[in-house]
Amino acid sequence: MATTYTLISSVTVGSGGAANIEFTSIPATYTDLSVVFSIRCVRSSVVEPGMLRFNSSTSNYSLRRLNADGSTVASSAVSGETGMIFGDINGDTATSNTFGNGSIYIPNYTGSNFKSISTDVVVENNATESSQYLLAGLWSDTSAITTIRLYSRNSHNFKQYSTAYLYGISSS
Amino acid sequence: MASTYEKIATTTLSSAAASYTFSSISGAYTDLVLIVNAGASSPSYDYAMRFNSDSGNNYSVTRLRGNGSTASSLRTSNNSFMNSTALPSDVSANFITSIQNYSNTTTYKTALIRANNAAGATEAVVGLWRNTAAITSITISPEFLVNLLAGSTLTLYGIKAA
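As you go down the protein sequences, you meet chains D and V in turn.
Using the working numbering, you'd call the opening residue of the first sequence number 1 and step up by one each time.
Using the working numbering, you'd call the opening residue of the second sequence number 1 and step up by one each time.
If you are wondering where the hints come from, they were derived from the structure by calculation, not from laboratory data.
For each residue, glycine too, the CB sits at the ideal point set by N, CA and C.
Some hints here could point you the wrong way.
[Said to hold, decoys possible] Incomplete in silico selection of chain D near chain V, CB under 8 Å:
{"id": "1", "residue": "Thr-31"}
{"id": "2", "residue": "Val-36"}
{"id": "3", "residue": "Ser-62"}
{"id": "4", "residue": "Leu-66"}
{"id": "5", "residue": "Ala-74"}
{"id": "6", "residue": "Ala-77"}
{"id": "7", "residue": "Tyr-105"}
{"id": "8", "residue": "Pro-107"}
{"id": "9", "residue": "Asn-108"}
{"id": "10", "residue": "Ser-116"}
{"id": "11", "residue": "Ser-118"}
{"id": "12", "residue": "Asp-120"}
{"id": "13", "residue": "Val-122"}
{"id": "14", "residue": "Gly-137"}
{"id": "15", "residue": "Lys-159"}
Next comes chain V alone, as it looks inside the complex (with noise of 0.2 Å):
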């Protein structure tokens, strides 16, 4: 039986580093799946991901959210990234992230993320990037303004349908 869950990239930061990209990302898959396991060298900054290295205003997100005190939902409209939970300062949290149907040129790009910081937040989140383009490349950071940390790890896995 031929595999439908292939490792595409995996990386653990040997240092502290402003951001990481994966790029040249193959079309030859259905859906996405990202798996981190980060810090950030400041807290209170959110994970943030950009696709394509586009910068502009072009994403959303609507995030259902438990701080342990309370139930909360967010809304952000034209940002310039795609948001979920703040970093810890150690690397203790982790984002599961789905891409549905990265490569097709017709459609906005949809993304699920469950974000998991157990000294902040469990959030589930849905994300939107309005662009049609095949999306080839992820770049993540803690708000694209502080450092992902050391021992951070980041690995991108392709679906196949067939």
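Chain D on its own, in the form it takes in the complex (with noise of 0.2 Å):
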């Protein structure tokens, strides 16, 4: 039988820091992708944005999110952004080593209509604010999806240790 669910590249963030976490040159040879990732960035605050951008498109993004803080729980739609807010990741005043873990599903990726995502993000941190993002997503592209690049909303820097594994799942 063969492999369904295969590694096709890892990213983790060396010392310096990095502005994003990008694959390229995906392969088209599986059915669905899963990006599995712990980030936390420079951004002085407990949470920040994640954000992703498919092939460098900077248009065509949509989501309804369901989303936590550790008091409050509500929904809301987004539209006309450059990337597509993912869930929260956690900023520097979150308790210390502590990094924002996700996953983000992404079936069909290849297909001719436009690509569906499906994300589960959380950060935690030992004090009153937290978050949680269940996240319904859409690229309005028919694009094959070849690049997928990860970054904060408001231009921090990934921290030392975020990592970020693509995965391929093969249904052939």
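Assemble the dimeric complex from its two separately framed chains, guided by the hints.
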């Protein structure tokens, strides 16, 4: 039986930090993609919106999210951004050594339909504020996804030891 | 190392269909994962599943839902299918379903569904099928009332513990 869940690439941010994590030249040989990440950024706050961009495209992103911050649960819709918010990541005033963790699932990433995604993301912090996200995202573009960039919405560098793993899931 | 995550079956609908069924599911795995990327011929019909063709009122769900303006929870008991958020009128929603311990014959079966329609809602759903039978088939439909769109893709994976 062929392997169905394959690591395509992984990134661990080095000592200098990084403005983003990017997977390029993603092969079209899989059915779905999954990104599993653990990220903390240098922003002086507990949380920072994490963003993604497909194929360097800066348009056609929309989403509906369900999020909680330790005291309130809310839902909102977002569109018109130059990337897609995938959830919150830890800022640098969150409990030290704590990273925001999550997964992004992208079915049918080479198909001719618009690309829908699912994300589950958490920020934990040993204080009042935290963050949980469940999110439905849509990139209204029929192109096959060949690159994925993860970055901070407010341009804060990712800290050392941030990681992201890109998996390909094959149904062939 | 033995593969623990295996494709059981996959399809891309070449034409609209009232439902799609994965049948003759082997009991060789521990858990199942169903990945669906789909739309419906008419919007506002929920993504729905039945196991082993059971159309009795043996399903219940608890839904945590965000529709873009309101966070809410919904309950349905004694339903004739296990449902989550509505399908859009294009192939732009995804549904990721995990079914634990699907082949045992002593417990009722539980499923976790992450449902995502960026024009509708995102949901986390827990579903229960009150039946102790091993799951050998799964049927997917928009509430068993309208069609799945052509181009919808459905893939069933098995996860092995050993």
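For this session: Tell me, in ascending order, the numbers of any earlier hints that this structure violates.
Result: Those not satisfied are hints 2, 13 and 15.
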